[in-house]
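Starting from two chains that each stand alone, build the complex the way the hints lay out.
Residue-level listing of the chains:
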Amino acid sequence: MADQRSPVSAKDDLSLMAAMASGDATALSVFYDRHSPLVYATCVRVLNDRATADELLVDIFHEFWTRAGQYDVTRGNPVTYLLTLTRSRAIDRRRSMGKRSNLKLASEDAASDKPDPRPTAAESAVTSETASIVRKALETLDPVQRQAIECAYYDGLSHTEIADRLNKPLGTIKTYIRQGLIRLRGCLRNDSEGGRAMARPS
Amino acid sequence: MTDQERLEIALEYAAGALEAPQADEVRRSLLSGDLAWSAALAEAEATLSAYAASLPPIAPPSSAKSALMQRVARQQSTARAADAAPADGFRTFRLFAQGFAAIAAIVLVAVLVNVWTTRKIDQVRTEVAAEMTKELRDRDARILILQTEMERQIKDKDQQLIAYKAAAEHDARVLAALHSPKLRVFSLGSDKTKATGRLLVDDEHQTWHIFATSMERLPAGKEYELWFITPDKQAIAGGTFNVDDKGNAVYTVSLPKGIGAVAAAAITDEEAGGVAVAKGQIRLIGNLN
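These protein sequence lines are chains C and B, in that order.
Each residue of the first sequence is one higher than the last, beginning at 1 in our numbering.
Each residue of the second sequence is one higher than the last, beginning at 1 in our numbering.
One chain only, chain B, in its complex shape (with noise of 0.2 Å):
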């Protein structure tokens, strides 16, 4: 089709003379955007309207601007109120809207940092408490060890202290015995071994002091033991006693009263905790005639 068909059918179209499937065809073409239809028809109505306007003009009543321009007002006047009720309506909406998100964002806010915080604090707690607690617990086991070792201090101290005193009470006797003009002093031997003892007899104080030196070193379960030897040559028990790492022995003793006369002194091994009846070998001996 050229352009010139094309404005001949608009130039019917615009005027209204064509039949209606003829009308609907060239609609269908306007409709698909077709813009050479589109510009046949501007032209068309061009033309046309100049052809309405070869009409002498009327003027119109007056009235009818009147009634035009009412209607305008009154559409704008309704436009108007239309659009400021519910902008006024959603304005209050808006403001309302945004104060409670405002509110439920602090809201939100301030139960976030006081659920943060709340957790925070607990942690700290549980964990300064933890702290606290291992360090009490390693506080107490440290006192706990300074008592013990304070405790076993102090028992050595006062074994020691015992131990001294014992010492010292002993030379304070042994001491004493020497200072005796009733003193007596023995030599202890041994044939088979290199051990040989003094026995100081305090008969004032009615105390032996017996001095050894160069004594073997017994196996556990093993003590020297005394034997005060009568002269009906009698074994009585004097009590067991050890030596030190150097083999020396200090040992005090009681004679048992109404002992009588005694001949002879011996030391034996024997069972530790004594015997009431010697049956080890004889280590040091002496007479006291």
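Chain C extracted, bound-state conformation (with noise of 0.2 Å):
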């Protein structure tokens, strides 16, 4: 099903971080009523906690705000960075939060859910079709795979953390890793030569 918002271009993006980067709340605003959605979704599946998702959505436009005149286009468009960001300071507060026990079955849970198959809300920046096809490629991995690699991006698990909470060899798990991760890319690299409208976050 398709998104019936207006798809947000990174040219739109840039303009608001280099709007951020004078000091434009208003631009702060936009971006955040953009990507909220999808970031709140990441802070809520590393910390499985709303409140302290909450605050820590808050703290993430806050610094993504304060470093918006910081940022390097080279590493990639503004949404690229701002998830990247967001996975680091989610599993730096779950660290320090001390819950990865508990999470452990959330994250085991998630992982043997099959991804939710329900459409992009119209909040989400990122296309239905992206999320779709993200999605595919992940329906192709194995569910112990497509557990790995969720450990690893949602838990800040390492390798060897990893196969002891899957109870799999480390080479294994390194293969799962490496495999869907490169599956992923394949996918997103196809859907972007083939023509269609490339569905990066943005």
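Just so you know, the hints here were simulated from the structure itself, not pulled from any lab data.
Computed from a predicted model, the values in this text were never measured in an experiment.
Heads up, the beta-carbon is just placed ideally off N, CA and C, and yes, glycines get one too.
It is possible that some hints are incorrect.
Derived coverage of chain C by chain B (criterion: at least 3 residues anywhere in the stretch with Cβ under 8 Å from a Cβ of chain B; other residues may be distant) [claimed, not checked]:
| # | region |
| --- | --- |
| 1 | 18 to 32 |
| 2 | 40 to 46 |
| 3 | 60 to 72 |
| 4 | 151 to 164 |
Given below as structure tokens:
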């Protein structure tokens, strides 16, 4: 199902970044409206705690606003930068909270579930097409393979920690994660080279 | 390492799956400015952000945005206040500093101008004073020279006047003698020289007038001396005189009181100032009988 909202272009986000860098709070408001649902979803996914995710969401956008002037366009589009920052801060917050054990089950539960087939919410900055591509790519993965990637990305676990958690050989985990990420990247690249609108976050 | 291998490692790094030593190695490569690693990481992060985007979005509570915008507003307000306060203070300080600098510059310029002007005035004053002093000294010197010259000329004129008066008086006396009915005239002569003379005896005024010519000029320290010769052959000094460049002389003398009769007159060369007893050579002589 296609999202009826107008796609958000990288140029628009770049313009907002420039405006934020010059101190335009309105630009931050627009940028927040566009991308906060995805950032918030990531925070909730990593922290599994809504109250903490609420706080972290504000902290992340505030830091993003503060660092808008330091944004390096060569490192990727603004949303990539935002999501990289989100994951990093969420993992840090999760570790400081010492909730890893509690989150283990949540992570496992989440990993055992198939990706949410629901269409992207209207507030999402990512087109449903991109989300669909990613979900399709993830569907092709073995559940354990998908679970290993989620443990790495959302839980911040290393190869060894993931092997311990999933009770799999370290080499197998490494292979799972590497193959899974390469497949994900391959799907996105094929989609881009197929002439379709690139569903990169922006 | 191939690009593919680098990308695979970057994906694992971006996903946070690498062990600490491997992650540190990648981090070092990135910090070293390795463009290949930077590009690989950028692609890996883009891939993983797409992965993250596959999550079903969740609308955050409205309070979160309110909290964010309030924090940003506070931050901007604080920043503006922080910027404004120092700005006002700095502006005040800058205005003060600029004013102080301007005043200091004016004072400095005034002091320098004053010092320069004072020095210049002193220099000009000194130069003018020196010039005036020199001028005055030169003028005084010229005045002194003129004064000395004028005094000398006046003195000369006075002497000339005195001489003229004496000559006039002498001429008057000679003229008076020539008009005297008792005037007697005698000749004076010399056997050894060409010198000759006339003696005018003015008995009325008891005065002798001697006119001598072709007389030899005497050396320094010598003068001609007149002698009154009495009938008993006594020679009485009658004063000294000199001749001019042409060897001429006019000498007038009053007869000493109580001299009595004079038989002859003689002129000898003697020491300057005259002597009591004739010792020199007779240059002119004549009888009065």
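Could you tell me which of the hints above the structure violates, numbers in ascending order? The structure conflicts with no hint, since it agrees with every one listed earlier.
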